[in-house]
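Colleague: So the chains spell out like this:
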Amino acid sequence: MFNYTIRRLLFAIPTLLVISFLIFAILDLAPSDPTGNLPLTIPPEVREKIRLSLGLGEPFPIRYLKWLQQFFINEPLNMIEQWFGITIGDSENRLRVQSWATRSPVVDLIVERMPQTLWVVGMSYVVGILIAIPIGVISAYRQYSVFDQVGTFVSMVGFSVPTFFTGLVLIVVFSSTLGWLPSIYDTTHKVTDLSSFWFQVKQMIMPVMVLALFNASQLSRFMRASMLDNLSQDYVRTARAKGLKERAVLLIHVLRNSLIPVVTVIALGIPQIFGGAIITEQIFRVNGLGQLLIIGIQGADIPLVQTLTFIFAVLIVLFNLLADIVYGILDPRIRYE
Amino acid sequence: MVKGGICDGTCVLNAGGFAGAGNSFSQEHNMKKALLCSAVAAGCFAGSALAERGSDGQLNIIYWQAASILNPYLSGGTKDIEASSLVIEPLARYDETGMMVPVLVDEIPTVDNGGVSEDLKSITWTLSEGVKWSDGSALTAADVAFTAAYCLDPEGGCQQASNFTDVESVEAVDDLTVKVSFSVAKPFPYGPFVGSQVPVIQKAQFENCMGAKAPECTEANFGPIGTGPFVVSEFKANDVVTYEANSNYRDEAKPAFGSVVFKGGGDAASAARSVLETGEFDYAWNLQVEPEILSKMASAGKGTVVSAFGTSVERLMVNKTNPDPALGDKRATVEGGAHPFLTDLSVVNALSKAIDRQILVDVGYGDAGQPTCNVLPAPAIYASTANDECLAQDIAAANKLLDDAGWVRGGDGVREKDGVRLSILYQTSTNSVRQATQALVKQWWAEIGVETELRNIDASVFFGGDQSSPDTFQKFFADIEMYTNNFDGTDPENYMANWSCGEIPSPANQWLGDNMPRYCNADYDALVAKMAVTAKLEERAELAKQMNDMLMQEGAMIPLIHRGGVSAHANTLAGVRMNEWDSELWNAADWKRAE
Numbered sequence: 060m061f062n063y064t065i066r067r068l069l070f071a072i073p074t075l076l077v078i079s080f081l082i083f084a085i086l087d088l089a090p091s092d093p094t095g096n097l098p099l100t101i102p103p104e105v106r107e108k109i110r111l112s113l114g115l116g117e118p119f120p121i122r123y124l125k126w127l128q129q130f131f132i133n134e135p136l137n138m139i140e141q142w143f144g145i146t147i148g149d150s151e152n153r154l155r156v157q158s159w160a161t162r163s164p165v166v167d168l169i170v171e172r173m174p175q176t177l178w179v180v181g182m183s184y185v186v187g188i189l190i191a192i193p194i195g196v197i198s199a200y201r202q203y204s205v206f207d208q209v210g211t212f213v214s215m216v217g218f219s220v221p222t223f224f225t226g227l228v229l230i231v232v233f234s235s236t237l238g239w240l241p242s243i244y245d246t247t248h249k250v251t252d253l254s255s256f257w258f259q260v261k262q263m264i265m266p267v268m269v270l271a272l273f274n275a276s277q278l279s280r281f282m283r284a285s286m287l288d289n290l291s292q293d294y295v296r297t298a299r300a301k302g303l304k305e306r307a308v309l310l311i312h313v314l315r316n317s318l319i320p321v322v323t324v325i326a327l328g329i330p331q332i333f334g335g336a337i338i339t340e341q342i343f344r345v346n347g348l349g350q351l352l353i354i355g356i357q358g359a360d361i362p363l364v365q366t367l368t369f370i371f372a373v374l375i376v377l378f379n380l381l382a383d384i385v386y387g388i389l390d391p392r393i394r395y396e
Numbered sequence: 002m003v004k005g006g007i008c009d010g011t012c013v014l015n016a017g018g019f020a021g022a023g024n025s026f027s028q029e030h031n032m033k034k035a036l037l038c039s040a041v042a043a044g045c046f047a048g049s050a051l052a053e054r055g056s057d058g059q060l061n062i063i064y065w066q067a068a069s070i071l072n073p074y075l076s077g078g079t080k081d082i083e084a085s086s087l088v089i090e091p092l093a094r095y096d097e098t099g100m101m102v103p104v105l106v107d108e109i110p111t112v113d114n115g116g117v118s119e120d121l122k123s124i125t126w127t128l129s130e131g132v133k134w135s136d137g138s139a140l141t142a143a144d145v146a147f148t149a150a151y152c153l154d155p156e157g158g159c160q161q162a163s164n165f166t167d168v169e170s171v172e173a174v175d176d177l178t179v180k181v182s183f184s185v186a187k188p189f190p191y192g193p194f195v196g197s198q199v200p201v202i203q204k205a206q207f208e209n210c211m212g213a214k215a216p217e218c219t220e221a222n223f224g225p226i227g228t229g230p231f232v233v234s235e236f237k238a239n240d241v242v243t244y245e246a247n248s249n250y251r252d253e254a255k256p257a258f259g260s261v262v263f264k265g266g267g268d269a270a271s272a273a274r275s276v277l278e279t280g281e282f283d284y285a286w287n288l289q290v291e292p293e294i295l296s297k298m299a300s301a302g303k304g305t306v307v308s309a310f311g312t313s314v315e316r317l318m319v320n321k322t323n324p325d326p327a328l329g330d331k332r333a334t335v336e337g338g339a340h341p342f343l344t345d346l347s348v349v350n351a352l353s354k355a356i357d358r359q360i361l362v363d364v365g366y367g368d369a370g371q372p373t374c375n376v377l378p379a380p381a382i383y384a385s386t387a388n389d390e391c392l393a394q395d396i397a398a399a400n401k402l403l404d405d406a407g408w409v410r411g412g413d414g415v416r417e418k419d420g421v422r423l424s425i426l427y428q429t430s431t432n433s434v435r436q437a438t439q440a441l442v443k444q445w446w447a448e449i450g451v452e453t454e455l456r457n458i459d460a461s462v463f464f465g466g467d468q469s470s471p472d473t474f475q476k477f478f479a480d481i482e483m484y485t486n487n488f489d490g491t492d493p494e495n496y497m498a499n500w501s502c503g504e505i506p507s508p509a510n511q512w513l514g515d516n517m518p519r520y521c522n523a524d525y526d527a528l529v530a531k532m533a534v535t536a537k538l539e540e541r542a543e544l545a546k547q548m549n550d551m552l553m554q555e556g557a558m559i560p561l562i563h564r565g566g567v568s569a570h571a572n573t574l575a576g577v578r579m580n581e582w583d584s585e586l587w588n589a590a591d592w593k594r595a596e
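Protein chains in written order, with our numbering: chain A, 60 to 396; chain B, 2 to 596.
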């Protein structure tokens, strides 16, 4: 297992390098211009100077190598410096990956946005799982019952209705009409006592629920299918024949075995949390990583988009590996050697 | 109580100085001091009785485009300029009528008061006494001179460089006097330091941020020290800015709000909703929302929609050169030859006459638009009335024009002459209002026998200057293109110069040029040259009108809509004076809670 992990990790390095090159090339070839969104009152000569000051005058390979250096050498060095409070070499003049729109280090922007994305999108994932597993279990155990039919219907709706619609409906009902919940997320809010915690809960309810509904719909279908597969297995009949209580059969034998594929799906979905939820974040103005990415794309802020998408790529590669390892741990029959 | 005491003391002292030192000061100076004293006294009374700094709590502003940076020299985006205008201020700015008002100076320099030299080559600003930066240090002429040096640094990529065109030097004559010299005569010398896009920044803060170092000063760019009513307390790029009242602001009783939250993100419709329907925010900017939806939201009674008109005009640019792909490299260039039919004035006039501008306004703009027949619709002194005939749609007259010019309808209803079909490729940026306009125009043009193919291109590509993209508005590989343009401030000299022959985009100048129609007329160029040396306002207005009329009557473009800005404020917010000539937040120091 250990050898396998090491081998996979080593293999990830060339994969990630290729990915980073592809992302950079695609972004570079895309017809976009960082000065495109500026008011037309800024004349073309000035725009040309702005582009030059952003380093766009240099040829593609040089820009790519510069980014590689900034991302793989300068940023980690900077991180080490910050963690241990030391200075390594000429840290004053070491160039970090700079966003073109904000002229500030991209990594700082990402770190600043991490909390709200993890809170809202992460929480929605947890809530989604908590809703999905019981629904999946009951739906499978009572297949074709009223509960199953309703559950299937709700998860179909949840999966097929886009979040920009459910989000708007919730805002119109709970913010505009009833006035119970804020429609705009306050990212500067700090939880210090019970009432500020309550406010945090209130502003999180709508975005979390919109996303949780979507996640739960997907997962509950997986859970149901996996339970159904297992319920008809021989070992279930054996367990029942042994005289085990139905509860023990269902929750100990069937559920554990059914969770194996579901856990993999959950693990593979985790990188998406870090990707943020572009649409939901926009609607509720959570302004997390998803919104950062979309603003970067709209403003042709290439270093920002490049760095963010590359970080997503790293996470996806890592969580794929993690899913494989977890799979091996959960199911002792699977061996990678 | 304490506050009242200080005020009383100041006035007594001033009064004493006035009485005792009568000989050593000029009469005028004494007068001013006396006025100042009474003004301060009045301020004190008003201050203690009515308003006090920070007494009105928090002001919530929502801009659906979030602020990325608070340094207008590094970002020319409107959202960034307006977010920074709460903190840093120019020497003078424009009020809601387009008049210049002094901010950090006592009066606007003119030729009459001696502030502008007779040869129009220099302007001398005198800063007001006692203006302080928010860190408590004094604002001096050195700061102003530094600001110019900061922007003029060739490596800095300063986005406001065009405001410093022809500036030869900016020098601090003494602590409060700064002289801007130009290399040519400038009849309108108010480019540098006038308007929120060219504010004064603090030398001490930005000294080490010149040139290539400019983008690295993140802390300064995110929290500039300013003279304005607010100071930045927290900046989250592309998300939210929080400000607090500036304790060193020059007017003791202002601002009424103790803090400001400037939230960004989302879209215009939900920004409007947060002010007009849910009441979570006090002010929402740039609400480009279908007029129908906006008026429905406003009927909830929580807020008011306000609009103001500047110089923005949505117009159709008419390509005078041939965009035929068969021309290869010569496509849409002067060398490629004239356009097969858009150089025929009767065609352009017919296209213009066939459009019902009022319907376009009703469908897409509402309060934010007025039909116009001029590319230069404002300020009022520059607005021509010679072309107003186009305001009324007249399909019959348009058809007659084309008939008379010999364009005959073919079997498919499309007119042609000498084998040339009136078939138009009409492009614009992707935007729901623009696409609705395109659809309507296409329908009207069909009624006069003109075939139209519609195309829309993502804004960042269309307005982006990517040399490799064939879809930019400069390359103009189409017959007609539609977009909005305007100019900063109130002087149209540079704007009107956009349509001189030298401004035509072509491969030779990397397609950098503002003359999209490729219009070229020696008479027009002569007017441009004349305006550059004419100082008298009335004569300048006359020249600008002539140029506008020439462009209209020779069919270089078809203006559609004079566009205004639309914003909304809560009914509990008082003091908003919607301004299209400057930052919308230009007078935020005067905003307060309504009773």
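Simulated from the structure, these hints should not be mistaken for lab results. Warning: the hint list may mix true and false statements.
If the Cβ cut is set under 8 Å, some of the chain A residues that face chain B in the computed set are [claimed, not checked]: (1) E107; (2) I145; (3) T146; (4) L237; (5) G238; (6) R344; (7) A359.
Derived pair list, reagent style DSBU-like, types lysine-lysine, alpha-carbon separation capped at 35 Å [stated by the list, open to error]: (8) B:K297 x B:K331; (9) B:K401 x A:K108; (10) A:K261 x B:K237; (11) B:K204 x A:K125; (12) A:K261 x B:K546; (13) A:K108 x B:K237; (14) A:K108 x A:K125; (15) B:K303 x B:K331; (16) B:K531 x A:K108; (17) B:K593 x B:K331; (18) B:K122 x B:K401; (19) B:K180 x B:K443; (20) B:K122 x A:K108; (21) B:K214 x B:K122; (22) B:K180 x B:K531; (23) A:K125 x B:K237; (24) B:K537 x A:K125; (25) B:K303 x A:K261; (26) B:K331 x A:K249; (27) B:K418 x A:K249; (28) A:K108 x B:K204; (29) A:K108 x B:K303; (30) A:K249 x B:K593; (31) B:K122 x B:K331; (32) A:K108 x B:K331; (33) B:K237 x B:K204; (34) B:K180 x B:K133; (35) A:K108 x B:K537; (36) B:K180 x B:K122; (37) B:K297 x B:K546; (38) B:K133 x A:K108; (39) B:K593 x B:K401.
Glycine is no exception: its CB is placed at the ideal position from the N, C-alpha and C atoms.
Colleague: Each of the hints needs a verdict: does it hold here or not?
Modeller: Against the structure, the hints come out as follows:
1. Interface hint status for E107 (chain A): upheld, as the beta-carbon distance to the closest one in chain B is roughly 6 Å, under 8 Å.
2. Residue-level restraint check for I145 (chain A) is violated (minimum Cβ-Cβ distance to chain B is 21 Å; threshold 8 Å).
3. Because the smallest distance between the Cβ of T146 (chain A) and any Cβ of chain B comes to about 17 Å, over 8 Å, the interface hint for this residue is violated.
4. Residue-level restraint check for L237 (chain A) is violated (minimum Cβ-Cβ distance to chain B is 10 Å; threshold 8 Å).
5. Taking 8 Å as the C-beta cut-off, the interface hint given for G238 (chain A) holds, the closest approach to chain B being about 7 Å.
6. Using the Cβ-Cβ criterion of 8 Å, the hint placing R344 (chain A) at the interface with chain B is satisfied: the shortest such distance is roughly 4 Å.
7. Residue-level restraint check for A359 (chain A) holds (minimum Cβ-Cβ distance to chain B is 6 Å; threshold 8 Å).
8. Between the alpha carbons of K297 (chain B) and K331 (chain B) the distance comes to roughly 51 Å, so the proposed pair goes past 35 Å and is violated.
9. Restraint check: the Cα-Cα separation between K401 (chain B) and K108 (chain A) comes to about 50 Å, which exceeds 35 Å; the hinted pair is violated.
10. The straight-line distance between the Cα atoms of K261 (chain A) and K237 (chain B) is roughly 22 Å, inside the 35 Å bound, and the hint therefore holds.
11. Taking the CA atoms of K204 (chain B) and K125 (chain A), the gap is about 32 Å. The hint holds against a cut of 35 Å.
12. For a cut-off of 35 Å, the pair hint linking K261 (chain A) to K546 (chain B) is broken: about 58 Å separates their Cα positions.
13. For the suggested pair K108 (chain A) and K237 (chain B), the alpha carbons sit about 27 Å apart, so the restraint of at most 35 Å is met.
14. Proposed proximity of K108 (chain A) and K125 (chain A) is supported: the alpha carbons are some 20 Å apart, at most 35 Å.
15. Only pairs whose Cα atoms come within 35 Å are accepted, and K303 (chain B) paired with K331 (chain B) is rejected, the gap being roughly 57 Å.
16. For the suggested pair K531 (chain B) and K108 (chain A), the alpha carbons sit about 29 Å apart, so the restraint of at most 35 Å is met.
17. Straight-line distance between C-alpha atoms of K593 (chain B) and K331 (chain B) comes to about 59 Å, which puts the hinted pair past the 35 Å bound.
18. Proximity of K122 (chain B) to K401 (chain B) is assessed by CA-CA distance (about 53 Å); at most 35 Å being required, the pair is judged violated.
19. This hinted pair does not check out: K180 (chain B) and K443 (chain B) have alpha carbons roughly 54 Å apart, beyond 35 Å.
20. Taking the CA atoms of K122 (chain B) and K108 (chain A), the gap is near 26 Å; set against the 35 Å cutoff, the hint holds.
21. Between the alpha carbons of K214 (chain B) and K122 (chain B) the distance comes to roughly 32 Å, so the proposed pair stays at or under 35 Å and holds.
22. Annotation: proposed proximity of K180 (chain B) to K531 (chain B) holds, straight-line Cα distance about 26 Å (limit 35 Å).
23. About 27 Å separates the Cα atoms of K125 (chain A) and K237 (chain B), which keeps this hinted pair within 35 Å; it holds.
24. Between K537 (chain B) and K125 (chain A), the direct Cα distance comes to roughly 54 Å. Violation of the 35 Å bound is thereby established for this hinted pair.
25. Between K303 (chain B) and K261 (chain A), the direct Cα distance comes to roughly 22 Å. Compliance with the 35 Å bound is thereby established for this hinted pair.
26. Between K331 (chain B) and K249 (chain A) the CA atoms are separated by roughly 61 Å; this puts the pair beyond 35 Å, and the hint is violated.
27. Distance check on the hinted pair: K418 (chain B) and K249 (chain A) sit about 72 Å apart at the alpha-carbon level, beyond 35 Å; violated.
28. Distance check on the hinted pair: K108 (chain A) and K204 (chain B) sit about 23 Å apart at the alpha-carbon level, within 35 Å; holds.
29. Distance restraint check for K108 (chain A) and K303 (chain B): the Cα-Cα separation of roughly 46 Å exceeds the 35 Å cut-off, and the hinted pair is therefore not satisfied.
30. Restraint check: the Cα-Cα separation between K249 (chain A) and K593 (chain B) comes to about 26 Å, which is no more than 35 Å; the hinted pair holds.
31. The suggested pairing of K122 (chain B) with K331 (chain B) is violated, with an alpha-carbon distance near 41 Å, which exceeds 35 Å.
32. Pair hint K108 (chain A) plus K331 (chain B) holds up; C-alpha atoms about 26 Å apart against a cutoff of 35 Å.
33. This hinted pair checks out: K237 (chain B) and K204 (chain B) have alpha carbons roughly 24 Å apart, not beyond 35 Å.
34. A hinted pair counts as satisfied when its Cα atoms are at most 35 Å apart, and K180 (chain B) with K133 (chain B) qualifies at roughly 20 Å.
35. At most 35 Å may separate the alpha-carbon atoms for a hinted pair to count; K108 (chain A) and K537 (chain B) meet this at roughly 34 Å.
36. Only pairs whose Cα atoms come within 35 Å are accepted, and K180 (chain B) paired with K122 (chain B) is accepted, the gap being roughly 10 Å.
37. Proposed proximity of K297 (chain B) and K546 (chain B) is contradicted: the alpha carbons are some 39 Å apart, above 35 Å.
38. Of the pairs offered as hints, the one joining K133 (chain B) and K108 (chain A) holds, with about 33 Å between alpha carbons and a cut-off of 35 Å not exceeded.
39. Taking the CA atoms of K593 (chain B) and K401 (chain B), the gap is about 58 Å. The hint is violated against a cut of 35 Å.
Checked against the numbered hints given earlier, this structure breaks hints 2, 3, 4, 8, 9, 12, 15, 17, 18, 19, 24, 26, 27, 29, 31, 37, 39; the rest are met.
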